[in-house]
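Construct the complete structure from the given sequences, taking the supplied hints into account.
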Amino acid sequence: MTSEATLVAPAPANAPRGPLREFWGYFSANHGAVAGLIFIVAVVLTAVFANVLAPYPPDLTNNAVFLKPPAWQAGGAWAYPLGTDAIGRDILSRLIFGARLSLLIGVAVVAMAIVTGIVLGMIAGFFRGAVEIAIMRLMDIILTLPSLLLAIVIVAILGPGIMNAMLAVAVVVLPHYVRLTRAAVITETSKDYVTAARAGGATKLRLMFSEVLPNCSAPLIVQASLGVSTAILDAAALGFLGLGAQPPASEWGTMLADAREFVLRAWWVVTFPGLMILLTVLAFNLFGDGLRDALDPKLKR
Amino acid sequence: MPVRHPRGEAACLNKAMLRFLLTRVSLVVPTFIGMTLLAFFLIRLVPGDPIETMAGERGIDAARHDALLREYGLDRPVLVQYGIYIGRVLHGDLGKSMITQAPVLREFFALFPATIELALCAILFALIVGIPAGIIAAVNRNSLFDHGVMGVSLTGYSMPIFWWGLLLILLFSVQLGWTPVSGRIDVRYYIEPVTGFLTIDALLSGEKGAFKSAVSHLVLPTIVLGTQPLAIIARMTRSAMLEVLGEDYIRTARAKGLSSLRVVALHALRNALIPVITVIGLQVGVLFTGAILTETIFSWPGVGKWLIEAINRRDYPVLQGGVLLLGVIVMAVNLLVDVTYGIINPRIRRS
Chain E
35 MTSEATLVAP
45 APANAPRGPL
55 REFWGYFSAN
65 HGAVAGLIFI
75 VAVVLTAVFA
85 NVLAPYPPDL
95 TNNAVFLKPP
105 AWQAGGAWAY
115 PLGTDAIGRD
125 ILSRLIFGAR
135 LSLLIGVAVV
145 AMAIVTGIVL
155 GMIAGFFRGA
165 VEIAIMRLMD
175 IILTLPSLLL
185 AIVIVAILGP
195 GIMNAMLAVA
205 VVVLPHYVRL
215 TRAAVITETS
225 KDYVTAARAG
235 GATKLRLMFS
245 EVLPNCSAPL
255 IVQASLGVST
265 AILDAAALGF
275 LGLGAQPPAS
285 EWGTMLADAR
295 EFVLRAWWVV
305 TFPGLMILLT
315 VLAFNLFGDG
325 LRDALDPKLK
335 R
Chain P
12 MPVRHPRGEA
22 ACLNKAMLRF
32 LLTRVSLVVP
42 TFIGMTLLAF
52 FLIRLVPGDP
62 IETMAGERGI
72 DAARHDALLR
82 EYGLDRPVLV
92 QYGIYIGRVL
102 HGDLGKSMIT
112 QAPVLREFFA
122 LFPATIELAL
132 CAILFALIVG
142 IPAGIIAAVN
152 RNSLFDHGVM
162 GVSLTGYSMP
172 IFWWGLLLIL
182 LFSVQLGWTP
192 VSGRIDVRYY
202 IEPVTGFLTI
212 DALLSGEKGA
222 FKSAVSHLVL
232 PTIVLGTQPL
242 AIIARMTRSA
252 MLEVLGEDYI
262 RTARAKGLSS
272 LRVVALHALR
282 NALIPVITVI
292 GLQVGVLFTG
302 AILTETIFSW
312 PGVGKWLIEA
322 INRRDYPVLQ
332 GGVLLLGVIV
342 MAVNLLVDVT
352 YGIINPRIRR
362 S
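First to last, the sequence lines map onto chains E and P.
Residue 109 in the numbering used here is what sits at position 75 of the first sequence, and the numbering runs on without skipping anything.
Residue 224 in the numbering used here is what sits at position 213 of the second sequence, and the numbering runs on without skipping anything.
Derived from the structure by calculation, the hints contain no laboratory data.
Take every hint as true, because none was put in to throw you off.
Okay, derived cross-link-like pairs now, DSSO-like style, lysine-lysine, Cα gap no bigger than 30 Å in a straight line:
#1 P:K26 / E:K225
#2 E:K238 / E:K225
#3 P:K267 / E:K225
Dropping the structure here:
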């Protein structure tokens, strides 16, 4: 194909680069972001191929191997590389299957929150007046209650479970997206380019989505990248408190809750699930940061 | 348009300021009503009959059940219940705990100082470390220090704090034996509450070792609770500072030949702190959320642990009262933040 050929052909030094290549140029210069991306891809692949990768089914118990330490410790065996939990389940297999649940939670929560958040924030920022007050009051009320407490109350009403936990977390993180969008819209609408577009006869919808939204997407992307982490963390906290994914689901937070009472005699049942939460969340944060730096025109030379 | 002369403009500004303050304060009322509605109705919707829950597995006969329903007003229409509820709330009566029979307000304020002491220490820890770290990182962009601050900050932000608390206990309490595992002070000491802040009360009591014991109990929970705010504040300070340092007026200030320190401290910092203050305001909610987990892990006798226990026992009045009180406190702090925001950023005030 000709278009591909032109892409691959070495561009003359002074020709402008395509936006995607330019973006990748900035993004790949950030080693942390690339490391985050690689880890995310690895976790995604792990989640997709969990059936193939995990040595055991996640719920398989083995009476012979309660609380077996990791392979490199005295008493460990390579049959269970990261050891077993209190009822003889392979920790590695449970972590691998846990990747599915954690990714699902993170992505679904952010998708729900960001779509609703942008729409509400745009409406509040553009129409001001009573609509803005109503939306922002509602967001204030949600924000005013400590997020985990509100999530716990919502889950207590809907009943514990992974779907309800996701819904609760999405409600709880929503105000951040609304506030960010509204603040960005208000800042942006006072700028000259919006006045110019308005003077040029642009409709309100056009102003909102094709003039202002692209210019306030950078903080939203940063927030969304942090949002995946918040979603995974809050859902794990709910799991830890027994309100999220229910046992025997191999969700990382729920695994920590099961493991808590063994903290003094089996460090591995506590350490590995938490480490997976930390690393996954860290990867999303690094990735989001790289995205921000690559997208923010102000930081470009 | 009024004729502008210097004195007239100042008066105009003061009037705008006053109007801004009044508008902002008047907005508190609908938020408060919304919160009472939320606290009241959310908890009414929880499945399960509170009387049967209280009676437990032994069960309860129908007559006693009805009597108890009447006693708690649970037999009235929900709207009437709400009306009665809000009337009592405005008189400072948040009901009695179904478990301990003690007034909710009294229970809350008996436990609240413990949470505040912990939260204040955590936010102070976060501010004292976070703001300077963020500024230095922004000024020395891409230096080793900048990468270090960003790395630590991202790790802190990504930290599941319930796991972080368990790890710190494993390391400092179990392995090294440096700090106690749980509680606020060693059981040997009985400290008369004066301020409610155990570290200060321990100092006032003059008992040998009491202060040291209180502080050693406070260290790990402070670090655990302060970790996320620290990460957020450092990150936000850095990015706000970077944003401001790229603005034209900073270039102008530099072009005028002002020293780097003057540009950073006077021109950049004032404007960079605006988003940072908003973020600090948002941290109050984060702190209370973190307090729920931190207090649960360290058995810290504060309102977070109290509320989780109330949820497990379905102690409706405690849940309602606790949620409402925490909400009002966060609302007051948000108000303070918005007003500060208006004072340091006149553009907001006029809009």
